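In my numbering, the protein residues as written are 2 to 210.
These are computed hints drawn from the structure, not numbers from a lab. Nothing here was measured: the structure is a model prediction, and the numbers come from that model. Each hint should be verified, as a subset may be incorrect.
DEER-style ranges, computed between Cβ atoms [as the list claims (entries may be wrong)]: (1) 60 x 113: 28 to 36 angstroms; (2) 28 x 105: 39 to 47 angstroms; (3) 166 x 115: 35 to 43 angstroms; (4) 122 x 142: 38 to 46 angstroms; (5) 158 x 113: 17 to 25 angstroms; (6) 154 x 190: 17 to 25 angstroms; (7) 89 x 53: 33 to 41 angstroms; (8) 134 x 113: 54 to 62 angstroms; (9) 201 x 157: 22 to 30 angstroms; (10) 190 x 137: 44 to 52 angstroms; (11) 203 x 162: 35 to 43 angstroms; (12) 29 x 107: 21 to 29 angstroms; (13) 89 x 116: 38 to 46 angstroms.
Computed list of lysine-lysine pairs in BS3-like fashion (alpha-carbon distance at most 30 angstroms, straight line) [unchecked claim]: (14) 70 x 59; (15) 101 x 111; (16) 115 x 93; (17) 173 x 113; (18) 112 x 173; (19) 59 x 111; (20) 115 x 100; (21) 101 x 70; (22) 100 x 112; (23) 70 x 60; (24) 115 x 101; (25) 93 x 111; (26) 181 x 134.
Just so you know, even glycine gets a beta-carbon here, dropped at the ideal spot from N, CA and C.
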Amino acid sequence: LKHHLVKETWPGKMNFCTHLILCLTCKCSIQLCSESNCSHSGKKENNSHIDCGCPREKKIPVLELEFIKAQRTKAEGQGSMQMGSIDYSETKKQIANAKKREQIREREQKKKMKSEEAIQREEELCQDFHSRKVPPINVNATKLSELVDLSLEVLEPPLTTSLTSQELRNLKETPMQVPKWPSHTQSVERCVKMVTEAAGHVYSHERRE
């Protein structure tokens, strides 16, 4: 409906717009006289050339060659035939906002990467059991405190070697129920019995006599 009203109200302008749209479909290259060192540069109304093989209705008018050339070679949204100047304050504001958004994006990306690495490390620790390492024993020690040098390395106690890292963290909220293990094993009892029997052969009332 709008197209019909415009066509009835301004038939001449409508035909001009239609012709301009058809002209812009022409992709033939335009060369300015100043670029080709033409002798006509600045001496005639149109200072440009075009080698166009398009139909007549699609040919660009000679007077519009420079304008179409300027529109095709716009640099950063600004053409050489642009009448208005650049809004420098708005441009600076947009550049600052773009830099700020880029910094925020990089910061959030780094934060996300650190979070993912921490989660991955956490999962790896939760799946691993702690290995038991026997510390070196000083056989020449004369005191109990000299038997093992505790300042060299922090070692895993035997009680927690079968627990995962996640189970150890859970002990902060729920205390660990330590099993009722005997203070000595069967082999220890056997050694005690043998030592007692050997001592009975040496230390007794009969041996004293």
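30 angstroms Cα cutoff - pair residue 70, residue 59: holds, 16 angstroms
Agreement of residue 59 and residue 111 with the hint, judged by alpha carbon distance not exceeding 30 angstroms: Since the Cα atoms of residue 59 and residue 111 sit roughly 54 angstroms apart, the hinted pair is violated (cutoff 30 angstroms).
Status of the given 35 to 43 angstroms range, CB of residue 162 versus CB of residue 203: holds, 41 angstroms
Pair hint residue 112 and residue 173, alpha-carbon separation not exceeding 30 angstroms: Holds, at roughly 28 angstroms.
Hint consistency between residue 70 and residue 60 [alpha-carbon to alpha-carbon, up to 30 angstroms]: Holds. Residue 70 to residue 60 sits at ~14 angstroms (cutoff 30 angstroms).
Pair hint outcome, residue 115 versus residue 93 [Cα-Cα no greater than 30 angstroms]: violated, 33 angstroms
Pairwise hint evaluation, residue 112 against residue 100, where the allowed Cα distance is 30 angstroms at most: OK: residue 100 and residue 112 at ~18 angstroms, within 30 angstroms.
Cβ separation of residue 201 and residue 157, checked against the hinted range 22 to 30 angstroms: The hinted range 22 to 30 angstroms is violated for residue 201 and residue 157, with Cβ atoms some 41 angstroms apart.
Hint consistency between residue 181 and residue 134 [alpha-carbon to alpha-carbon, up to 30 angstroms]: holds, 24 angstroms
39 to 47 angstroms as the expected CB spacing between residue 105 and residue 28, which holds or is violated: Roughly 42 angstroms apart at Cβ, these two residues keep to the hinted range, so it holds.
Residue 137 and residue 190 - C-beta distance against the hinted 44 to 52 angstroms: Given about 29 angstroms between the Cβ atoms, the range is violated.
Outcome for the supplied range 33 to 41 angstroms, where the beta carbon pair is residue 89 and residue 53: Holds - the Cβ-Cβ distance for residue 89 and residue 53, about 39 angstroms, lies within 33 to 41 angstroms.
This entry does not satisfy hints 1, 3, 5, 6, 8, 9, 10, 12, 16, 19 and 21, going by the numbered hints stated previously.
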